[in-house]
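Asks: For reference, the chains in residue letters:
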Amino acid sequence: MISYIIRRLIAAVGLVIVISMVIFAIFYLMPRIAGASPETLAGRYVGRAATGSTVAQTAERLGFNDPVPVQYWNWVTGVVMGTEIDLGSSVEKCPAPCLGYSFRNKDPVLPMIIERFPVTFSLAIGASVLWLLFGVATGVLSALKRGSVFDRAAMLVALAGVSMPIFWTGLMALSIFSYQLGWTPPGASYVKLTDDPAGWAFGLLLPWTTLALLFSAQYARLTRAGMLETMGEDYIRTARAKGLKERQVVVKHGLRSALTPIVTIFGLDFGLLIGGAVLTETVFGLPGLGKMAIDATKNNDLPQVLAVVLITAVFVALCNLIVDLLYAVIDPRVRVR
Amino acid sequence: MTTRALSSHPPARVPGSSHLEVQDLQVHFKTDDGVVKSVDGLSFHLDRGQTLGIVGESGSGKSVTSMAIMGLHTAANAKISGSIKLDGQELVGADRETIRLLRGKRMAMIFQDPLSSMHPFYTVGNQIIEAYRIHNKVSKKVARAHAIDMLDRVGIPEPSKRVDAFPHQFSGGMRQRAMIAMSLSCDPDLLIADEPTTALDVTVQAQILDLIRDLQKEFNSAVVIITHDLGVVAELADDILVMYAGRAVEYGTAEQLFNEPQHPYTWGLLGSMPRFDKAPTDRLMPIKGTPPSLIRVPQGCAFNPRCEYSEQVGAITKTERPNLLDDGKGHFVACHMSPAERQRVWAQEISPRIS
Numbered sequence: 001m002i003s004y005i006i007r008r009l010i011a012a013v014g015l016v017i018v019i020s021m022v023i024f025a026i027f028y029l030m031p032r033i034a035g036a037s038p039e040t041l042a043g044r045y046v047g048r049a050a051t052g053s054t055v056a057q058t059a060e061r062l063g064f065n066d067p068v069p070v071q072y073w074n075w076v077t078g079v080v081m082g083t084e085i086d087l088g089s090s091v092e093k094c095p096a097p098c099l100g101y102s103f104r105n106k107d108p109v110l111p112m113i114i115e116r117f118p119v120t121f122s123l124a125i126g127a128s129v130l131w132l133l134f135g136v137a138t139g140v141l142s143a144l145k146r147g148s149v150f151d152r153a154a155m156l157v158a159l160a161g162v163s164m165p166i167f168w169t170g171l172m173a174l175s176i177f178s179y180q181l182g183w184t185p186p187g188a189s190y191v192k193l194t195d196d197p198a199g200w201a202f203g204l205l206l207p208w209t210t211l212a213l214l215f216s217a218q219y220a221r222l223t224r225a226g227m228l229e230t231m232g233e234d235y236i237r238t239a240r241a242k243g244l245k246e247r248q249v250v251v252k253h254g255l256r257s258a259l260t261p262i263v264t265i266f267g268l269d270f271g272l273l274i275g276g277a278v279l280t281e282t283v284f285g286l287p288g289l290g291k292m293a294i295d296a297t298k299n300n301d302l303p304q305v306l307a308v309v310l311i312t313a314v315f316v317a318l319c320n321l322i323v324d325l326l327y328a329v330i331d332p333r334v335r336v337r
Numbered sequence: 001m002t003t004r005a006l007s008s009h010p011p012a013r014v015p016g017s018s019h020l021e022v023q024d025l026q027v028h029f030k031t032d033d034g035v036v037k038s039v040d041g042l043s044f045h046l047d048r049g050q051t052l053g054i055v056g057e058s059g060s061g062k063s064v065t066s067m068a069i070m071g072l073h074t075a076a077n078a079k080i081s082g083s084i085k086l087d088g089q090e091l092v093g094a095d096r097e098t099i100r101l102l103r104g105k106r107m108a109m110i111f112q113d114p115l116s117s118m119h120p121f122y123t124v125g126n127q128i129i130e131a132y133r134i135h136n137k138v139s140k141k142v143a144r145a146h147a148i149d150m151l152d153r154v155g156i157p158e159p160s161k162r163v164d165a166f167p168h169q170f171s172g173g174m175r176q177r178a179m180i181a182m183s184l185s186c187d188p189d190l191l192i193a194d195e196p197t198t199a200l201d202v203t204v205q206a207q208i209l210d211l212i213r214d215l216q217k218e219f220n221s222a223v224v225i226i227t228h229d230l231g232v233v234a235e236l237a238d239d240i241l242v243m244y245a246g247r248a249v250e251y252g253t254a255e256q257l258f259n260e261p262q263h264p265y266t267w268g269l270l271g272s273m274p275r276f277d278k279a280p281t282d283r284l285m286p287i288k289g290t291p292p293s294l295i296r297v298p299q300g301c302a303f304n305p306r307c308e309y310s311e312q313v314g315a316i317t318k319t320e321r322p323n324l325l326d327d328g329k330g331h332f333v334a335c336h337m338s339p340a341e342r343q344r345v346w347a348q349e350i351s352p353r354i355s
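Chain order of the listed sequences is A and B.
Per my numbering, the very first residue in the first sequence carries number 1; after that it's consecutive.
Per my numbering, the very first residue in the second sequence carries number 1; after that it's consecutive.
So that you can see chain B by itself, here it is in the shape it has in the complex (with noise of 0.2 Å):
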């Protein structure tokens, strides 16, 4: 696990000083089959205004960080280790209440299917006003024309009616809004959102999105999107994270990740996005296989196995896990292939087919 240590750096603004830092995280759950490494050592920043973000499969860790990062790992079998830093503020290790009085407040989570993340037997007025009362002593009153107003920024129309409305009387698109307007009751500065977008109509989820950036405009706030769907981080994102089985595999900037991605396993996933400008035949090149077990992660590039390149790497991807590092323009790639090898690759090979 020597590794580690060096495979961690994120990429290199001013290091410590930004709004959200994540340094080598780890949550690891013991089961009884063995530990199951569900993030593995995943570091990366964030400031204020900015979107990150997080994309990979299922099983990759995604939503375990975002879980982490909001105190919500309550099992016994949880091990989280690495630092979280919200504000210069530690939150690995922090004690539950503080933690708990956090949430809500000063981060706040939007969740993938908004009907299942809204209590059924309370209307969503209600909902929106116990999360405002909890970290704001005002009466009721008070309260609730705060929910209509939130109500009413996030667009859902005659809100002073729908706040006594059941979240089963809404539509999809109008749940995860109220979810949206929940979330941001009490102005957090950093919002998780974990698959926003996953359950709704593809003609509303654009509306979703563009409520978010509008949003996160208005409050200036930090917003992690967590999804498996790149079209929705082209959308939204200033950096992307690629993980995958735990851990980083690409990071950079939404343009350098779009522009000249450098990991095979970014090329699948870029690969694996349906497009209509092309013959079927070439529209998709999905990422043969499937995402590894988190309890036996491959040996060496944990990629390896679906990778298309790992024959010409040579043995050192069966034995040794690649760094994340820096190509010197603050894109960060965890692949054995040389710079100038995958260069050549994606400008040669890939970039003719997807793009």
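Excised from the complex, chain A in its bound form (with noise of 0.2 Å):
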């Protein structure tokens, strides 16, 4: 068990090394590829106004002079070990892990991402826990109550659930129910939930529901799936045939096994929240990583944009390690391996 964690710790490690490559080389490789010089790619951190000698200064100053897998080679030791900074008017110590450096306004990265991520990591949180209770729940009824009236209803809203745009249920959601309800707080409104825990879940109540929604219906989709086919496994016939109340057949014998491919599609989606939900964080104009992703390639601040996608990338790594651990733990026929 234990070289298992290991093997497949490893393995997370190589991807997360991996997917920094990638999007390295989409920044940073890409331009040049398609002809741009280290001037124009400098050029755009300058004032109009600049002069030649000002975007050659830039230019080396950012490291565009060099070879990009030299660029890549200092930002990866930047991370790992620290690096010095030069920002023109002084040179800045930037400690382990050192995400650099905003091109635009100079400020390191590090602390934008710690200040963000709460507010990232409460609306995924919050919303998951929404979504699993009601996608789950709702799957496990359908499944049960296969082609009665409440299965047909919930299999249409899952149905409408995953066709509509988080950009259009929020909207529609604060638009009626703050707006014109006055129920819930306006879009902008997080707080912290160490200053004011019923404001932090009143604030992200919105939220949480819209995410929830969209993926309470994937949920639910899924779970019906899953039961319909456990619950005519030979063995629930033979959980019946012991005796077994049909709540305990359903919950302890069905659901436990449906809910392995969940656990997977969970982790994954987990993951990628953490790296920002893109939509609904702009839409509730939460000050998370998803909209500083964001704002940050609208600016070309390629610190920035590499900095969440090193997070995003960590984080459906560490997730999906966790899954893989969380399998043997629920299925023990994975153990033996």
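Read the hints as simulated data drawn from the structure, not as lab findings.
A few of these clues could be false.
[Stated by the list, open to error] No more than 27 Å apart at the CA atoms, straight line, and that leaves these computed lysine-lysine pairs for DSS-like:
id: 1; chain 1: B; residue 1: LYS161; chain 2: B; residue 2: LYS137
id: 2; chain 1: B; residue 1: LYS105; chain 2: B; residue 2: LYS141
id: 3; chain 1: B; residue 1: LYS105; chain 2: A; residue 2: LYS252
id: 4; chain 1: B; residue 1: LYS140; chain 2: A; residue 2: LYS245
id: 5; chain 1: B; residue 1: LYS79; chain 2: B; residue 2: LYS30
id: 6; chain 1: A; residue 1: LYS245; chain 2: B; residue 2: LYS137
id: 7; chain 1: B; residue 1: LYS288; chain 2: B; residue 2: LYS329
id: 8; chain 1: B; residue 1: LYS79; chain 2: A; residue 2: LYS245
id: 9; chain 1: B; residue 1: LYS161; chain 2: A; residue 2: LYS252
id: 10; chain 1: B; residue 1: LYS137; chain 2: A; residue 2: LYS252
[To be verified] Some chain A residues close to chain B (C-beta under 10 Å, calculated; not the full set):
id: 11; residue: ASN65
id: 12; residue: ARG104
id: 13; residue: TYR235
id: 14; residue: THR238
id: 15; residue: ARG335
Virtual Cβ for every residue (Gly too), placed ideally from N, Cα, C.
Build the complex from these two chains, which are given one at a time in their own frames, with help from the hints.
Replies: Written out as structure tokens, the structure reads:
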């Protein structure tokens, strides 16, 4: 079991490295391939009135003159061991894990991430609790009452749920519940959990529900399909033949098996959400990682983009690792390997 | 359908006094294609300490019968009528909770494939403990001791270790033993074994059959063995019921069935057993054709399209369903041929070829 964990851990680290390479290539190598010179790249970060020499200096300072692999190596060593960053006016020490300084406002990136991470995490955790509860419960009930009015209605809502984009449901929810009915606070009203727990939950209620609606729909369909398959298994018949109560048959014998694929999908979804629920954060004006990624991309603020992508990659890899380990806990047949 | 009432008499020992009494059982499923008459007027009875073998091809209604006794037909489209009495208690139409409390405790079941019939995520011990604790209010510790004891009784070596193993860590035979241990954990007086050895190696089959026989003696339970393999019932059964298209075509003691079978279908089943004491060309006498659709069962005798003797009998075989009639010795046959004719065919044509 321990060697299994170590193997999975190594694989996870490898995955993160590969993802960082790919993303670095997209933002640093692709423009070069497309014909951009170091100066044109640097030109995005100096004012319009900048002289040629300022541009050349900036290109040198930001490292655009180095070959891309060297730039990547410098970035990686910065993340792992820390580095020194030349801001032009001064040279700042940037201890590991150094995610660099913004190309735009010359602020260090790590504190930004640390500040925004709790917002995204709050959004992800609350929404996932909601969608797991609703999605799985709806899926189970639908499967058990297959073909009933409830089943049809639930699956119709689920279909609508997966079809409606966040930027529509989110805006509709905001417009109705916040601005017309006044039940929930308006957008951009995030407060820290540590400052005001009730306000935190209240402020996030609408984003949670909106995000959960989308995911509940998928999970309900998945759970329904899983339950329908599992409840036809021979071991369910055995459980009934033992005289077990139907509730226990469903929960202990049926749901436990049906949940295995749900756990897999959940690991992926949750990991991705940590990287930022871009649409939800944008619609509700939440200052999370997704919002940061969008703004950074718009501004070509490469260190910020890289940082958010790295965080996402780490969390996806981490969640996958946890899922793999959970698998072994759920399904004893996995443990042998 | 006037013939059904006549056709459903069980062998006349002491009617109504047996441990398990099935009278005119019908299990129909409504589907989009029509009504599937999986079981259509079946009667039999079984005493404690006795074994009944139910034999037939796939789709003859064997398993549907056993599931009906256990009350496991949960589908909304299943319609069950007739009577199933366990120790005098009527099961058809009884409420679900009543049947649930009987399941596992008074009547238990062993299934065909022990790998898919045990939950892959729980240890063998846990599954036995669960079965025991449904009907016995005991602590987990006591139940565990009981589980180890049961595993020991079904011949699993090192039961105190194996109790914590998962089903996939057992061999096929060991799994079926564990399944039997689970079924017998509450000491049921009726045990239904649905193809208990079909998924097992031949060498293991005999061991499992031995085990069932030994445990039956020990627990004095009534056992129903459902199989398509006449070899299995030859080994175990006191009485044999041959099913075809949801109905009994022949019903009698094992001696009667093997020594003087009376129904052409039974002859076919016997002829389909491979034998190595015969020349290869004579080894098999398969029944031609395939079992009928249970939605459109052939008119008259359901077996007539596949029967080699249907022409001898004449038009009646296509119009009238033969009744299950006593030959006077408690041997029941549903066939249009006259008893004398059947005796003759068996003695002169069939018996020399297959025995």
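Asks: Now, for every hint given, state plainly whether the structure supports it.
Replies: Quick rundown of the hints versus the structure:
This hinted pair checks out: LYS161 of chain B and LYS137 of chain B have alpha carbons roughly 24 Å apart, not beyond 27 Å. As the CA atoms of LYS105 of chain B and LYS141 of chain B are separated by approximately 20 Å, the hinted pair is consistent with the 27 Å bound. With a CA separation close to 20 Å, the supplied pair LYS105 of chain B and LYS252 of chain A stays within the 27 Å bound. A distance of roughly 18 Å separates the Cα atoms of LYS140 of chain B and LYS245 of chain A; the hinted pair therefore holds under the 27 Å criterion.
A threshold of 27 Å between alpha carbons decides the hint, and for LYS79 of chain B with LYS30 of chain B the separation of about 8 Å falls inside it, so the pair holds. Proximity of LYS245 of chain A to LYS137 of chain B is assessed by CA-CA distance (about 15 Å); at most 27 Å being required, the pair is judged to hold. Taken as a hint, the LYS288 of chain B and LYS329 of chain B pair is broken in the structure, with Cα atoms around 30 Å apart against an allowance of 27 Å. Restraint check: the Cα-Cα separation between LYS79 of chain B and LYS245 of chain A comes to about 22 Å, which is no more than 27 Å; the hinted pair holds.
A hinted pair counts as satisfied when its Cα atoms are at most 27 Å apart, and LYS161 of chain B with LYS252 of chain A qualifies at roughly 24 Å. As the CA atoms of LYS137 of chain B and LYS252 of chain A are separated by approximately 19 Å, the hinted pair is consistent with the 27 Å bound. Annotation: ASN65 of chain A was flagged as interfacial toward chain B, and the flag is violated, the nearest CB pair being 59 Å apart, outside 10 Å. The criterion of a C-beta within 10 Å of any C-beta in chain B is not met by ARG104 of chain A, whose closest approach is roughly 53 Å, and the hint is violated.
Among the interface hints, the one on TYR235 of chain A holds; its C-beta lies about 4 Å from the nearest C-beta in chain B, closer than the 10 Å criterion. At its closest, the beta carbon of THR238 of chain A sits 5 Å from a beta carbon of chain B; the interface hint therefore holds under the 10 Å criterion. Look at ARG335 of chain A: its Cβ gets to within about 9 Å of chain B, closer than 10 Å, so that hint holds up.
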